[in-house]
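Going down the list, the sequences are from chains L and B. Using my numbering, the letters of the first sequence map in sequence onto residues 1 to 133. Using my numbering, the letters of the second sequence map in sequence onto residues 1 to 758.
You may find that some hints are simply not true.
As the list claims (entries may be wrong) - Straight-line alpha carbon distances no greater than 20 Å define the calculated PhoX-like cross-link-like pairs of lysine-lysine that follow:
no., chain 1, residue 1, chain 2, residue 2
1, B, Lys576, L, Lys57
2, B, Lys284, B, Lys320
3, B, Lys41, B, Lys419
4, B, Lys675, B, Lys653
5, B, Lys689, L, Lys32
6, B, Lys558, B, Lys498
7, B, Lys320, L, Lys32
8, L, Lys57, B, Lys560
9, B, Lys720, L, Lys57
10, B, Lys498, B, Lys419
11, L, Lys2, B, Lys419
12, B, Lys261, B, Lys243
What the hints contain is simulated information worked out from the structure, not anything from laboratory work. Remember, predicted model here, so these are calculated numbers, not experimental data.
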Amino acid sequence: MKVLMTEYLRLDLDAEQWECRVCNHVIGTAHKGYKEGMLVYDRDPRDIHPPILAPEKYRYTFSPDPEWVRILEYYCANCGTQVETEYVPPGHPPLHDMQPDLPALRAQWASRPEVLEVSVGPAVIQRADDHKH
Amino acid sequence: MNDISIKVPDQAIRPEEAALIKKFLEDTTLFLAPDPEIMNKHDLMERSEQEDISINKQNDAHTIAKIRDRLQSGCDEGYEMVEQMGAAPGAKWGDVITGVYSASGDLAIASAGGVLLFSALVHHPIKFIIKNWINEPTVGVRDGDGFIHNDSRYGNVHNTDQSMILPIFHEGNLICWVAATVHEGENGAIEPGGMPSMAESPSDEGLKMSPFKVVENYQIKRDLLTFLQNSVREPKLQYEDMKVKLYGCLRIKQRIEDVLKTDGPDALIATLRLTMENVRTEVKRRISEWPDMTVRTFIVQDSTLRENCIAKINCQLTKKGDRLIFDFRGSAPEFTNRPTNTVLAGLKGMLSQLVMCYIWPDLPRGQAAFAPIEVITDPFSIVNSSYNAPNSQSLMSIFTGFTAGQHAVAKFLYSCPEKYTKVHAPSFNMINTFIWGGVSQHGETLGNLCADLNGMGGGARVDMDGEPGLQPIFATMADIGEQELNEEDVPFLQLVSKKMTRDAIAPGKYRGGQGYTMIVATKDSEEWGFMTTAQGAKVPPLQGLFGGYACGTYPLSKVKGVDVYDVLLNEPGKFKHSIEEIMNDQSFDGATYTTHHMGMGFEISNRGELFMISQGAGAGYGDLLERDPALIVKDLEEELISHAVAERLYKVKIAPDTLIVDHQATRTLRDNERKDRLSRGIPYAEFIKSWNKPKPPAHLPFFGCWGDDTETLYMGTPDKTRHANESMPNYMRHPKDVRIEELENRLAAAGALMDEKR
């Protein structure tokens, strides 16, 4: 049984492994965080959130302060998909963000059919009499 | 030393002695402070004997559903009345809730719209009234009474919210309560508008109304009203909205009486109780469908609104069986003299908002939806502050606490086969708006805010972009108001309003909903000013989801030494409609241009000076290399992003003139970027060897836990810590003292202090 855990991560409950949903690469054991099987890049936040105000003139520019926060980007080591990001103060240890209880998940999914395409949830249906601008 | 034999008397207390001690303590209580027994509990009260009797008499599901719908309509009707008639901007734009409470004080049915976080908050003052005033001979609770309340230490989020609470009797028996709560704004605090960021103690926060009787025989007591009017800057608003809330409650009472006539008291009591019990049971069932897992996250607050620092909101969310446990231990210690702390109930209220708006919006609104969910915090922390800590800006902590919860919950919901909402990235969470006050063009003293706080950008969703300027995270169906109507009452214009701030983005496969620009300038008053109370000018207050990015940061910009109305009259070409152009071009002669964090204390503004801010974007979802180029073209057409930033970030090739996508070039650019990731990314084990540091860096004023050790809380420097369970003062110095010291040191270093006597 395999469970789709995030946009890019799948758990193989039998092999107890994290897998990449994009390239099917086995990331690593599910007894540890998936991040441990990833490539990490320390991103300067100004690359992603560019200054709107001239940095040479102003202290605050709409761009995060790179001495106060960094973006850790986690890539699948096989296909390069960006599986997760993490905004952290410099030097802060990455979080073990998803720690599943594997026996409990196996028991839960024993009575469920495997899901190959995740349900996106209910759509908001616009009615004819809805307020419009 | 001699041994002295002392006979220790038997310590056991006989029951009659215990009763005597209890009576003595009750008779001689000097002060009815907030009651931890009430304030720390958010679960439902035990089913009462009367509720048991009523449920035995009436438990037909169809009858219960019919009565629940009638009461729901009554609550919505009361809500509409308060919204339509209320004088406070908060009332007009939906920062309201009305509800019916059980005789024990639980909120059974709440209005469907408005500020649902009140659902977990407004029951506390009713329970205080039940516990302390019913049998108190000098107070009592009778038919026709009404109680007012605003002190957040006795319930509610912050002291700007005022409640009107009415007991409902039937044939002499108290059968339920009704209440209306409104974000009133002005409350006589040290700054106008009711949410002072300058408050350094609870004494700076204005009115402190523990629940007290202000209505008898359905009439507002004029003596108390006059006192309250004298205690705030908007005496007319105080009276008007007390009346509005009273009449909103009376309308709900009328609907309850209709039910009593048609179905009797047992049906009413059974409906209130069974509604709550059924919702609670359903919530437990739905939780059990989630994966058993622990998810960890944190959100950074980058200021106290007085100075920049890092205050961490740490969150570990665990689901086990049908239990869901939010664990906020490790969050920043409370600030002794800064108002960004929240009482525990405030945090729970915002988490209940998460449950009712973003996870299970189909459930009946009320206290029960959050009742079975557990919350753990450290004492004396920024998310569970003590009686003596100011909390007038508790929004900072409850909103970042909400975001931590929202971020964590998404990682549970993704794999659930049945979903009640779409999985989505965190919404923007800061009240980027102008709070204002002073004397209006009509000579009235005012203090309140622009409803643009309701225009937070929505988070990106699993299959679509986030909605720009969507809604406040603390309310559903709230509006951002009509600026033109506002300008009839206040002496300033929003010269730029609701124009999306270009390039202030949260990229991803689906991008976050963007925020819009607000540029204000005072026009017709010499006694008018603004304040802003938000975090996130230095560090984003969000996290992205599944590879998406958070928003950027949002500062305050000011242009002084200009009268923009003269410019508009004489040289209109010099005025530009974006912060970017005004600040970077600096085209006003002789003006000064400055940027600041978003914690601006109340500041008097001169005619025509510009104050400029932007609402924020919700977070992005997924890998930005997967973003459909057609969506990027749409962003370009809507001027949400500039061409250069779009091409650089999303690795697309789009012709600037025609906006035609070169798909082949785009594919190549994206393939190359994936290859670049593989070459620049470092294997985790190797990365953390050089990345991980045992303590916060010396240059960061960091508050909270660092890494996995949640028992050690840092307090501003790497060398000052406290244990998570212990209380320790956490004073911040006055920012002007800090600045003066910096400048004096520079003068001293330059030898310019000369022989100044010290």
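A quick look at each hint next to the structure:
1. B/Lys576 to L/Lys57: 19 Å, holds
2. B/Lys284 to B/Lys320: 11 Å, holds
3. B/Lys41 to B/Lys419: It is violated: about 29 Å lies between the C-alpha atoms, which goes past 20 Å.
4. B/Lys675 to B/Lys653: 18 Å, holds
5. B/Lys689 to L/Lys32: Satisfied, since the Cα-Cα distance of roughly 17 Å is no more than 20 Å.
6. B/Lys558 to B/Lys498: 18 Å, holds
7. B/Lys320 to L/Lys32: 19 Å, holds
8. L/Lys57 to B/Lys560: Cα-Cα ~16 Å, so holds.
9. B/Lys720 to L/Lys57: The hint is violated at about 35 Å.
10. B/Lys498 to B/Lys419: Status violated; Cα separation ~33 Å.
11. L/Lys2 to B/Lys419: 19 Å, holds
12. B/Lys261 to B/Lys243: Answer violated: B/Lys261 to B/Lys243 is near 27 Å, above 20 Å.
When held up to the earlier numbered hints, the structure conflicts with 3, 9, 10 and 12 and fits the remainder.
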